Amino acid sequence: MILFRQALRFTSRLPFICGRCRTYSAQVGSVERVISAFRSVSGDEGVSVGSAVREQHGRDESVHICRPPDVVVFPRSVEEVSALAKICHHHQLPMIPFGTGTGLEGGVGALKGGVCFSLRKMEQVLDLHQEDFDVTVEPGVTRKGLNSYLRDTGLWFPVDPGADASLCGMAATSASGTNAVRYGTMRENVLNLEVVLADGTVLHTAGKGRRPRKTSAGYNLTNLFVGSEGTLGIITKATLRLYGIPESMVSAVCSFPSVQSAVDSTVQILQAGVSIARIEFLDDVMINACNRFNNLSYAVTPTLFLEFHGSSKSMQEQVSITEEITRDNGGSDFAWAEDEETRGRLWKARHDAWYAALALRPGCKAYSTDVCVPISRLPQIIVETKEDLIRNNITGPIAGHVGDGNFHCLIVLDPNDPDEVQRVHSFTERLARRALAMDGTCTGEHGIGLGKRALLREEVGPSAIEVMLEHRRR
Amino acid sequence: MSARVLVGVKRVIDYAVKIRVKPDRTGVVTDGVKHSMNPFCEIAVEEAVKLKEKKLVKEVVAVSCGPQQVQETIRTALAMGADRGIHVEVSGKDYETLGPLQVSKIFAALAKKEQADLIILGKQAIDDDCNQTGQMTAALLDWPQGTFASEVTLEADKLKVVREIDGGLETIKINLPAVVTADLRLNTPRYATLPNIMKAKKKKITNVKPADLGVDVSSRLEVLKVEKLKEAGRI
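Chains A and B, in that order, are what the protein sequence lines are.
Sequential numbering from 11 applies to the first sequence in the working numbering.
Sequential numbering from 660 applies to the second sequence in the working numbering.
Hints were generated in silico from the structure; no laboratory data involved.
Remember, predicted model here, so these are calculated numbers, not experimental data.
A couple of the hints might just be wrong.
As the list claims (entries may be wrong) - To spell it out: a stretch of chain B is covered by chain A in this simulated footprint if at least three of its residues, at any positions, have a beta carbon under 8 Å from a beta carbon of chain A; those stretches are:
| id | region |
| --- | --- |
| 1 | 692-700 |
| 2 | 739-748 |
| 3 | 843-854 |
Using N, Cα and C, we set each Cβ at its ideal position, and we do this for glycine too.
Turn these sequences into a full structure, and let the hints steer you where they fit.
Okay, here's the thing in structure tokens:
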């Protein structure tokens, strides 16, 4: 992120902390001195310059090439993070926070070298308050790890991106998942963050230890950091909002004659106030891929996969209201199930979508696009995108969180074919601009990362970028 | 079907916790450490509740032996669908030395007292890895046993059990009453939902002492020392 993660060269004050002006020598200290300073903070095992370790920490799950940092540190506490940050700050070294390395936009790439802060040793679940539905976690705790920890309590954290990602990393990228239509994304579910700023200051965005469910006190610093993708500080604790595990979950599947009818059904289901938790859309290309991959026999047309959460008594009613809506929109083959095994079978196509897409062209890599538009514009953008895919001979089955107007083209491409790579690159830019033209965003869930910086400027406009940069500069 | 199932649930250190040996090497650190139901016991409870949902058994009773805290573990079983609980009170030194022989004597006594038709236990606990309680219980009761079960089917008054053994899968048919121990692939245990945890608070847990069951919990084993394994080589 050249725009944002520059070598820390600044002359102005730090916000809210102190009013002094600081100037720094432009000289970067020798590597040996810095390394031994790191070792005195985190111990010998806490610092690595090994090339394998650095490479591990220079890539994520995107298609961006590996950009290894110069050194990787493994702090064990926020005090160590702060001390290490002070050292980096003094020597003007870029700092890159690293959670699980499961990002999809190259956010961990060290474009200008620097120090990667691998936070995996800080892996405690702290302060669970069951009656208040909140918990505080360190960066090494993943979402599946947290839900396993909570399993005796009847609570869960529902935001579920595909990977088993670090929760603090999810806060940094404002992650989302299939459940967002009911439970929201990270933006709605982070109550407080402990962040180490560039100069080592430890900041509690909502005040130390505070966890009210709502507040109108001061600027919303918490949500400033949610989605900041590591550019404003290193998140060392996140206080999260929890939910009760619903008494009953019911899954359903339905086929539709067209994208329009699937989206119309979605809108009406949301309007009907049905207790829907997941509405996922798979297009005909994706269904075909899933049929072939799993030996299934879904009708090869746009399909909705739905899940309802609620009390056992109300499920029957919710399902029949939904079935009626889908029928009125031309839907067919409506199937539903409550027990876990049949639900798993019904949803198998959706769960295996990524692998089914990859299986279309063995030996190729997959890249997932990620745009989001108002739901009413979804049919138009999907139809135009499909035409674009066909025109340019790109393999791109579509899967989407249609309840949020967010969809992904799982583009399968041969990374060694420069022509195809270029075609895909142009396609994704056209897709992002198409979404922007429809009042949408160039990234619904994955973040800006390395590839979408220019698009961010187009999306929010130059004034907003200036404000972001101003803040970043401080 | 009027069958009654006893399910044993053991409170152990949570599987995700990093175990630390006490400095005096008498055991592992348990104070302030997260505890939860032994994963194989979760599978046992799930199987019993599934049998009840299929209306093949009438009542599922969750049993745990230990101090006051094991009531949390019994409550989790109740939230998963067990009907009532029995807390066998064992604490202090007796609890530290409680092992499979004493627990199986307790279960044998309870099975007779409660007139159980089926006992389902986890195949082993993740703290001691003994893998003995199920087998000893069956021997004390002179009941057939289906251990390492990956599939259990009730057919009238017989049980068909598919067992995971080194050579592959062995299918046996045993008469009821019987003891079954659950292996990993028997089922996927459900998470206790919040509404069910609330409802479980109203279910009954009865307290009973080992002496009431005529069981002596003194141990014939003495732990000499507990040590951490030497660290693997470093590059």
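Index of numbered hints that the structure contradicts, given in increasing order: Of the numbered hints, just 2 does not hold.
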